[in-house]
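Going line by line, the protein sequences match chains A and B.
FYI, the working numbering numbers position 144 of the first sequence as 203, with every residue one higher than the one before it.
FYI, the working numbering numbers position 241 of the second sequence as 300, with every residue one higher than the one before it.
Everything labelled a hint here was simulated from the structure, so no lab data went into it.
Owing to the predicted nature of the structure, the values given are computational and were not obtained by experimental measurement.
Some hints could be false.
You can't tell identical chains apart in this list, so a pair holds if it fits in one copy or across any two.
Below, in silico cross-link-like pairs of lysine-lysine (DSSO-like), each with a Cα-Cα straight-line distance of 27 Å or less [claimed, not checked]:
id	residue 1	residue 2
1	Lys103	Lys260
2	Lys287	Lys343
3	Lys256	Lys80
4	Lys199	Lys89
Residues per chain, in single letters:
2 protein chains.
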Amino acid sequence: MKLLEYTKHIKSKVDEYMSKKVIGPINVKKLYDASYHLIGAGGKRLRPTLVVLGARIAGAQEDQVIPAAASVELMHTFSLVHDDIMDRDEYRRGVPTVHKLWGEPLAILAGDLLFAKAYEALLDVEQYGIPPDRIVEATKILTWIAVTLAEGQTLDMNFEERMDVSEEEYLEMIEKKTAAMFKGSLMIGAILGGGAKETVKKLGEFGRLTGIAFQIQDDILGIIGDEKVLGKPVWSDLREGKKTIIIIHALNNATADQRKQILSVLGRRDASLDELKQVAGILKSLGSIDYAIGKAKEYTMKALSILESITTSDSEAKDMLKEMAMFIIKRRY
Amino acid sequence: MKLLEYTKHIKSKVDEYMSKKVIGPINVKKLYDASYHLIGAGGKRLRPTLVVLGARIAGAQEDQVIPAAASVELMHTFSLVHDDIMDRDEYRRGVPTVHKLWGEPLAILAGDLLFAKAYEALLDVEQYGIPPDRIVEATKILTWIAVTLAEGQTLDMNFEERMDVSEEEYLEMIEKKTAAMFKGSLMIGAILGGGAKETVKKLGEFGRLTGIAFQIQDDILGIIGDEKVLGKPVWSDLREGKKTIIIIHALNNATADQRKQILSVLGRRDASLDELKQVAGILKSLGSIDYAIGKAKEYTMKALSILESITTSDSEAKDMLKEMAMFIIKRRY
Numbered sequence: 060m061k062l063l064e065y066t067k068h069i070k071s072k073v074d075e076y077m078s079k080k081v082i083g084p085i086n087v088k089k090l091y092d093a094s095y096h097l098i099g100a101g102g103k104r105l106r107p108t109l110v111v112l113g114a115r116i117a118g119a120q121e122d123q124v125i126p127a128a129a130s131v132e133l134m135h136t137f138s139l140v141h142d143d144i145m146d147r148d149e150y151r152r153g154v155p156t157v158h159k160l161w162g163e164p165l166a167i168l169a170g171d172l173l174f175a176k177a178y179e180a181l182l183d184v185e186q187y188g189i190p191p192d193r194i195v196e197a198t199k200i201l202t203w204i205a206v207t208l209a210e211g212q213t214l215d216m217n218f219e220e221r222m223d224v225s226e227e228e229y230l231e232m233i234e235k236k237t238a239a240m241f242k243g244s245l246m247i248g249a250i251l252g253g254g255a256k257e258t259v260k261k262l263g264e265f266g267r268l269t270g271i272a273f274q275i276q277d278d279i280l281g282i283i284g285d286e287k288v289l290g291k292p293v294w295s296d297l298r299e300g301k302k303t304i305i306i307i308h309a310l311n312n313a314t315a316d317q318r319k320q321i322l323s324v325l326g327r328r329d330a331s332l333d334e335l336k337q338v339a340g341i342l343k344s345l346g347s348i349d350y351a352i353g354k355a356k357e358y359t360m361k362a363l364s365i366l367e368s369i370t371t372s373d374s375e376a377k378d379m380l381k382e383m384a385m386f387i388i389k390r391r392y
Numbered sequence: 060m061k062l063l064e065y066t067k068h069i070k071s072k073v074d075e076y077m078s079k080k081v082i083g084p085i086n087v088k089k090l091y092d093a094s095y096h097l098i099g100a101g102g103k104r105l106r107p108t109l110v111v112l113g114a115r116i117a118g119a120q121e122d123q124v125i126p127a128a129a130s131v132e133l134m135h136t137f138s139l140v141h142d143d144i145m146d147r148d149e150y151r152r153g154v155p156t157v158h159k160l161w162g163e164p165l166a167i168l169a170g171d172l173l174f175a176k177a178y179e180a181l182l183d184v185e186q187y188g189i190p191p192d193r194i195v196e197a198t199k200i201l202t203w204i205a206v207t208l209a210e211g212q213t214l215d216m217n218f219e220e221r222m223d224v225s226e227e228e229y230l231e232m233i234e235k236k237t238a239a240m241f242k243g244s245l246m247i248g249a250i251l252g253g254g255a256k257e258t259v260k261k262l263g264e265f266g267r268l269t270g271i272a273f274q275i276q277d278d279i280l281g282i283i284g285d286e287k288v289l290g291k292p293v294w295s296d297l298r299e300g301k302k303t304i305i306i307i308h309a310l311n312n313a314t315a316d317q318r319k320q321i322l323s324v325l326g327r328r329d330a331s332l333d334e335l336k337q338v339a340g341i342l343k344s345l346g347s348i349d350y351a352i353g354k355a356k357e358y359t360m361k362a363l364s365i366l367e368s369i370t371t372s373d374s375e376a377k378d379m380l381k382e383m384a385m386f387i388i389k390r391r392y
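Isolated chain A, as found in the complex (with noise of 0.2 Å):
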């Protein structure tokens, strides 16, 4: 699978970056091994490859443009650490979480030191002769992912606390903390890349489906995923009350009984796995998951038809990112 290799490619590339960037003096040895602990647990480096196929298609080399490819990969992880911890979650890509290894205080400092090496990776595009005016474009972008990924958070916490959250109301949230990553991501590389407004534009909306579509299949790999593939555990989701697309439409078509049963579940730390997997089950019964999985297509294709309108001289790039929406549909991890 052509990309895939390439993907791996960008991630050997980009995080040797980061080993070298997430390095600090000694006597804050903490902070930076506390940072850099679900780098070094894996990942499948997306978001980077979308910095590099969107500056490729916008005329840029791949190797001017890693240090931004990086970039976005610490805000992502950024957000990862700071959510755990607000989440309360305790695996992450098979690894305990940060605040757990570390607790809260230094967690939440790791993500903060993240959220700067972010910003110092993107700047770094300047030794590999980015011109000036295109950084501060680009870091306008990284600027705009960073307020949209904390809005979203705190609708996806609102939600939690609510039963009545409408499909509209979860395709924004999730717009605002998933997609917005993967337009920024795109953006970005384009702009570094020097495209044209308009190549910018296009490239950033076939992100924002695709990473529509990515949550949306995040959201059904969280009730039928495997937790090994996973790492982290399945059905954690439903213990922690999140509203998908999957509950919204199952609390939205469920008899009286099996919405009090679905209700008597969701949120419940405590919930036994005999529990959760009745309502799994449910779910399943109503058609929830395959509602999500119609949903998941449709903005892939409508991505793809975005995708097409494009023009540009490295058809490789474009190919793969063509590949790349498929993909996300049919990952399993």
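Got chain A sorted already, so can you dock chain B onto it with the hints?
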């Protein structure tokens, strides 16, 4: 007093700008309210004033750098919000801290939002005719401040558990936690104003030295300050076991009995007012407070001699920096 008037003038401009910057969609109003809380609660806006004075000395107009001045205040506020969570502080600027009012998860997010808004603000200077290469340089400094703040807070927290912190270690910590922000503020101003390398460097060094003096004065006020004027409980540094220059001097000069008494109170959050008062008395009798006062003066004198060597056509701005250095060690809040 010329400087205090000017600080008020800058405060009104910067505050107006921030009130328009820290505002968001109605469905995440809570996040923006929490983010704005400490901004609205007061503060002298010394750091923004440093940005503006640095820019004026380098040759820019005050109004060109108001967003940059707001930027460092937003970065400062971010660090206060997160530090208050880590230090379990309950009051700041005379009001309950953000996590006390909105809970830790939202306080973490509010800090993150302020962090992002600091960048958003700095990038706004583009609209006032500042060229992109200067914006990129200034953004590097803002990022350096953020990295350094996280390292400084890590050291500060490490020190709480240690009883053998040296004066050198303390100075390194406050250089990162406090002085970097003063240094960075002046450098950002000077860079945006198009100052010569030598001017940027000297203003940075002036900022670093006054920043150290500022923190020493803060530590002094933590023992002899007035609670109502400070807006936070006096002696909380003792309760939290902060290793200030005063404590370090006292531990190095105490009799065995005095040392025992100090250590029996230091870091004990349930220490009584009587116990705290007694320890404060020991610190005074050992000359530790006078020692700190002398040190603060020493750094201020060094700062002033560097300031003297800077040439500028804006002698008014230079005079105000001089006044600022002297105000810092005389202030009672």
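Are there hints from earlier that the structure breaks, and if so, what are their numbers?
-> none
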